[in-house]
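> Residues per chain are reported as follows:
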Amino acid sequence: MTEEKRINQSTLRLIKDDVTDIDIDAFVFYAQPNLALGAGFGTAISTRGGASIQKELDEIASPIATGDAVVSSAGKLKAKYIIHAVGPRFQEEDTEDKLRTTMRSALKRAEENGFERIAFPAMGVGFYGIPLDLCARVMIEAIKDHLEGETGIKEVIICVLDSREYKPFQSQFAKVEYEDGN
Amino acid sequence: MRWKRRKRSHKAEKVLERLDEKLNRQMVGSLLACVHCGMCTDACHYVLANPGDTTYAPAYKADRIRRLFKRHKDWTGRIFPWWVKAGSVFTDEDLEELRDIIFGKCTNCRRCSLNCPMGVDYATFNRMARGLLVSVGIMPEGVAVVSKDQWEIGNQMGVLKEDYLETLEWMAEELQAELEDPTVAIPIDKMDCDVVYSINPREVKYDPRTIADAAKIFHIAGENWTMPSEGWDMTNFGLFSGDDELGGAVARRLYEKVIELRGKKLVISECGHGYRSTRCEAPNWGKFDVPFEMESSVITMLRYIKEGRIKVDKTRNTRPVTFHDSCNNARSCGLFEEPRELLNIVCTDVREMYPNRAENYCCTGGGGAMSMSEYTPLRLKSAKIKADQLKDTGAEIVVTSCHNCVDGLTDLIRHYKLGMEVTQLVNLVANALVIEKAGVAAEQEDEVEVKGGEG
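Line by line, the protein sequences are chains A and B. With this note's numbering, the residue at position 122 of the first sequence is 118, and numbering never jumps. Here this note's numbering = 1-based position in the second sequence + 1.
Next comes chain A alone, as it looks inside the complex (with noise of 0.2 Å):
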């Protein structure tokens, strides 16, 4: 299961894959405004990644705002950072347009660190309730206007984790008009 589109000098990749245990400079862990990790891939994070991210997170001041983004080292994970983006969850008001904004904030910090290879999970689908379609659709979109600017982004994954998340992906994927990487 992948896809991949090269856009302008970046490849766009979509895998099924956990995203807190691949080898990349950074992955985007969609965060709670406190910053607490929590559970689900938060626990991933803390139990493969050791306690100094919670830490480290500790002296960044919060609550953070929905649609902004702060970046911590990854600890012992494969990754080297981590960015984390508070979205809206919960059928927020505004859902879409605060995703775009969420999405916007983890590349521009993603730039302004210097991260070459990133990776995003499907943002706020699962548990938060966002919906796939929209999800699918808002993060393409948000990442192939990014990389069609000028950007220092030469990679960008995205990580599902099923094929129930895969497949809106996929379509969204279709309709991206750059060739294939395959």
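None of these hints come from the bench; they were simulated from the model. Predicted model, so just to flag it, every value in this text is computed and none were measured. Watch out, some of these pointers could steer you wrong.
Straight-line alpha carbon distances no greater than 25 Å define the calculated SDA-like cross-link-like pairs of lysine to any residue that follow [stated by the list, open to error]:
{"hint": "1", "chain 1": "A", "residue 1": "K104", "chain 2": "A", "residue 2": "G71"}
{"hint": "2", "chain 1": "A", "residue 1": "K163", "chain 2": "B", "residue 2": "L262"}
{"hint": "3", "chain 1": "B", "residue 1": "K438", "chain 2": "B", "residue 2": "V185"}
{"hint": "4", "chain 1": "A", "residue 1": "K12", "chain 2": "B", "residue 2": "D290"}
{"hint": "5", "chain 1": "B", "residue 1": "K206", "chain 2": "A", "residue 2": "R44"}
{"hint": "6", "chain 1": "B", "residue 1": "K162", "chain 2": "B", "residue 2": "P188"}
Label-pair distances were calculated between CB atoms; the ranges are [as the list claims (entries may be wrong)]:
{"hint": "7", "chain 1": "A", "residue 1": "K72", "chain 2": "B", "residue 2": "D182", "range": "31 to 41 Å"}
{"hint": "8", "chain 1": "A", "residue 1": "E107", "chain 2": "B", "residue 2": "K288", "range": "34 to 44 Å"}
{"hint": "9", "chain 1": "B", "residue 1": "T316", "chain 2": "A", "residue 2": "T(-2)", "range": "54 to 64 Å"}
{"hint": "10", "chain 1": "B", "residue 1": "R304", "chain 2": "A", "residue 2": "K51", "range": "48 to 58 Å"}
{"hint": "11", "chain 1": "B", "residue 1": "E18", "chain 2": "A", "residue 2": "T(-2)", "range": "29 to 39 Å"}
{"hint": "12", "chain 1": "B", "residue 1": "S374", "chain 2": "A", "residue 2": "D90", "range": "31 to 41 Å"}
{"hint": "13", "chain 1": "B", "residue 1": "A178", "chain 2": "A", "residue 2": "E107", "range": "51 to 61 Å"}
{"hint": "14", "chain 1": "B", "residue 1": "G420", "chain 2": "A", "residue 2": "S159", "range": "22 to 32 Å"}
{"hint": "15", "chain 1": "A", "residue 1": "D90", "chain 2": "B", "residue 2": "K288", "range": "22 to 32 Å"}
{"hint": "16", "chain 1": "B", "residue 1": "E97", "chain 2": "A", "residue 2": "E175", "range": "51 to 61 Å"}
{"hint": "17", "chain 1": "B", "residue 1": "K23", "chain 2": "A", "residue 2": "K51", "range": "39 to 49 Å"}
{"hint": "18", "chain 1": "B", "residue 1": "F293", "chain 2": "A", "residue 2": "K150", "range": "41 to 51 Å"}
{"hint": "19", "chain 1": "A", "residue 1": "K72", "chain 2": "B", "residue 2": "D54", "range": "48 to 58 Å"}
{"hint": "20", "chain 1": "B", "residue 1": "L180", "chain 2": "A", "residue 2": "E108", "range": "43 to 53 Å"}
Think of the CB as a built atom: it goes at the ideal place given N, C-alpha and C, for glycine as much as any other residue.
With chain A's structure known, arrange chain B on it following the hints.
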């Protein structure tokens, strides 16, 4: 004077919007049919442990949800709201009050449903109401933690893949040592097996002996079996949280893994809500046409004995035992005779508890109650009914076919100082197994052949 419409919070609006999507014939039937006869009252362990407090009565709790339906969906409540006690939710505080009723005062055990002459299935629409609140982020903290773990890690206890695989390896090594056979294995992702075995993450985290015991039984039975490396969790917190999306997604991961491995049958280890979700409910939540057979491990073990694939000696389990029916197994899936048949084959002293089978009382940890620590005092108070039921049996060991019940019962046994142990059928069957050494068995077979030849 001009009548002013009361403003509703965003979350309250969303809850009412989603109510529309969740209503079906079964739900509406239950929302309309209550005649307030009170037959449900004595069926509920919360009521029995809190006599005189009518707010625990299933009909009262149901009315807290029913009033929304009447106000917004039923014509009587739209025209005469005061007459039919219709009402609405306006603030986040209203939703939080509802949360404490639907999560904190009911384990969705369905005992009241069974005792309702009108067929009102309160637990079904209580679950629906839970789902409405979860969709706007209003839920007990423990429900949030477990749901997020199951969504993102793939199992409800946040067990990472490497820890799961390491535990299986460890159990295989233990088994090799016990059976003095280095070839014994717990096969992972083996293709074309007759049995794909799925488990509860509690087994990995707190009770790996149940995995080793099951592996021992499969090995002795000569089963062609495997465990999946992913999608192995057969539990489903969607049943408790009312989140059909989660319910469907979790089960789909398991179903798709069995298909990928070309497994012929999915065997579900002893877990009431896991069995109900995976076998009965999740094909609907996930809109998935399951192309393979699914079976409780209780039936698998019983089948092995009946087919002569394993031999057991009941004199190895002589302490008095009683059987606790899991609500999901017994009341919702009708699985109550098979565990008793198996128990009587592997134990010498089995004592029935009363009431039992579909009428049994909840372990009081059901419906996700074990994960909602804010309601623990309430839960343990209501557990008095179960404690008395257990005590009356005079048994030393409570046997159940559900990991959630193991935790619920263990907690109440500790709280009420009953001094009983809790175990599962897999442990008793494994303990009763008669294991013949390969050489001895071969010799015996030869003997039979020789005798046959002489006759």
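> Under the constraints set out in the numbered hints, which ones does this structure not fulfil?
Violated: hints 14 and 20.
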